[in-house]
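Chain order of the listed sequences is A and B.
In terms of our numbering, the first sequence opens at residue 1 and continues consecutively.
In terms of our numbering, the second sequence opens at residue 1 and continues consecutively.
I should point out that these hints are in silico values taken from the structure, not numbers from a laboratory.
Source: prediction; values computed, not measured.
One thing to keep in mind: the hints can contain errors.
What the hints assert, rightly or not - If you anchor each label on the Cβ, the simulated ranges turn out as follows:
no., chain 1, residue 1, chain 2, residue 2, range
1, B, N129, A, N113, 42 to 48 Å
2, A, D87, B, Y149, 29 to 35 Å
3, B, Y68, A, N113, 32 to 38 Å
4, A, K135, B, T45, 51 to 57 Å
5, A, K111, B, G154, 48 to 54 Å
6, A, D116, B, N136, 47 to 53 Å
C-beta atoms are modelled at their ideal positions from N, C-alpha and C, and glycine is treated no differently.
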Amino acid sequence: MNKILLLTLILISQVSYAEKSHDSHSNDGSHDMSKDKKIDGPEYKLNTKRYTDFIEDLSDVQIAIVDVKGMVCDFCARGITKTFYKDDTVIKVDVDLETGKIFIAYLKSKKINFEDIKEKITKNGQTAITMKITKL
Amino acid sequence: MGIKKLRNILVLLSLVFIISANVNARPISWPGGNTYMYKSDAIKTSKNYHYSPSYKYSVGVEFVNDKYFKEEYMNFRGTYLLDRKNTKKSQRNFYITGALSSNSSNNFFYGAHGDWETRRLFTSISYINKYTKLKNYTEKELQFGVAPYLGEYGDIHTWIMMKAKRNTMDNNWETYPFIKLFTGDYMLEIGNKNSHWDLHFMARF
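Modelling step: build the complete structure from the supplied sequences, incorporating the hints.
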């Protein structure tokens with residue numbers, strides 16, 4: 001059993017190394033701030049039903065759709081929604097676990113700052129990669 | 001394909017399965033988050049509260065009723081996230097943890113815990129050295145599990161898990177299945193080992 005423990009540790013470290021290599025190629029940390037861009041195309045995959053349900057009762061708002069790494073479980077995302085709801089300019093928040101996206105509906109008057117959003121997500125233990133903004 | 005090659009592939013697939021996942025009895029909450037935990041098994045019952053000033057560490061207190069040594073005491077506990085790796089489909093964590101007991105300066109523990117999870121799979125490993133007035137021992141634990149379905153945010157999430165535990169007092173590995181359910185800020189874990197129920201409840205607020 002000690003051998004299994006040792007093998008498990010070795011494999012975890014190998015898997016994590018492989019993930020790191022993959023990420024360094026696929027995510028360079030840059031973000032796309034383009035506004036009013038089509039958000040359900042292949043270039044920005046999201047769960048369309050989840051998003052449609054999210055915007056159903058919303059109007060006259062702007063929505064930040066943030067792509068996040070490390071949001072693999074419901075528990076992981078709980079802190080994120082609680083953090084954003086502390087912001088008075090935030091009307092609604094939802095999480096799409098399937099594609100790793102957060103939807104944040106802001107008042108239209110709010111100047112959305114990706115660095116601010118990124119910092120909030122980092123403080124929660126996840127990593128924000130990109131953001132797109134759309135207006136309703 | 002030779003028998004040896006087939007055996008090697010099966011061993012590799014088994015290990016990949018063991019390694020490939022992640023569930024959620026996380027020892028640290030979100031920044032400013034509070035956690036209450038109740039655990040009960042054949043050896044002890046404990047009630048644990050901890051506070052997380054940041055996602056990196058938590059501090060708390062645990063009230064323990066030790067059925068094996070027949071004593072009650074408090075543990076002042078701390079857990080620190082040494083390393084985390086986030087990817088789009090997984091998260092890996094390494095924690096160190098430790099506690100000092102209220103009943104004796106010779107009663108304490110320290111150890112490490114690692115986990116790796118995706119939405120579908122979970123695995124974790126922990127190694128704890130325990131020092132008590134009567135005996136010192138080591139606890140090792142492996143867990144792996146699979147989510148039979150992928151729930152959305154806010155759904156009830158279910159994990160079918162296997163746990164393998166060994167402590168150096170009896171030197172036997174015990175392996176048993178359990179089920180883990182969580183929704184919102186609550187988690188419930190139930191297992192049965194040698195006719196004893198293992199119960200673990202957690203609430204975050």
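- Is 42 to 48 Å a correct range for the gap between the Cβ atoms of N129/B and N113/A? holds (46 Å)
- Message: Given the hint of 51 to 57 Å, is the C-beta distance from K135/A to T45/B inside that range or not?
- Response: holds (54 Å)
- Message: For the hint 32 to 38 Å, verify it against the beta carbon of Y68/B and that of N113/A.
- Response: violated (55 Å)
- Item | Status of the given 48 to 54 Å range, CB of G154/B versus CB of K111/A | violated (30 Å)
- Would you say the C-beta atoms of D116/A and N136/B sit inside 47 to 53 Å of each other? holds (50 Å)
- Is 29 to 35 Å a correct range for the gap between the Cβ atoms of D87/A and Y149/B? With Cβ atoms ~33 Å apart, the hint holds.
Hints 3 and 5 from the earlier list are contradicted by this structure; the remaining hints agree with it.
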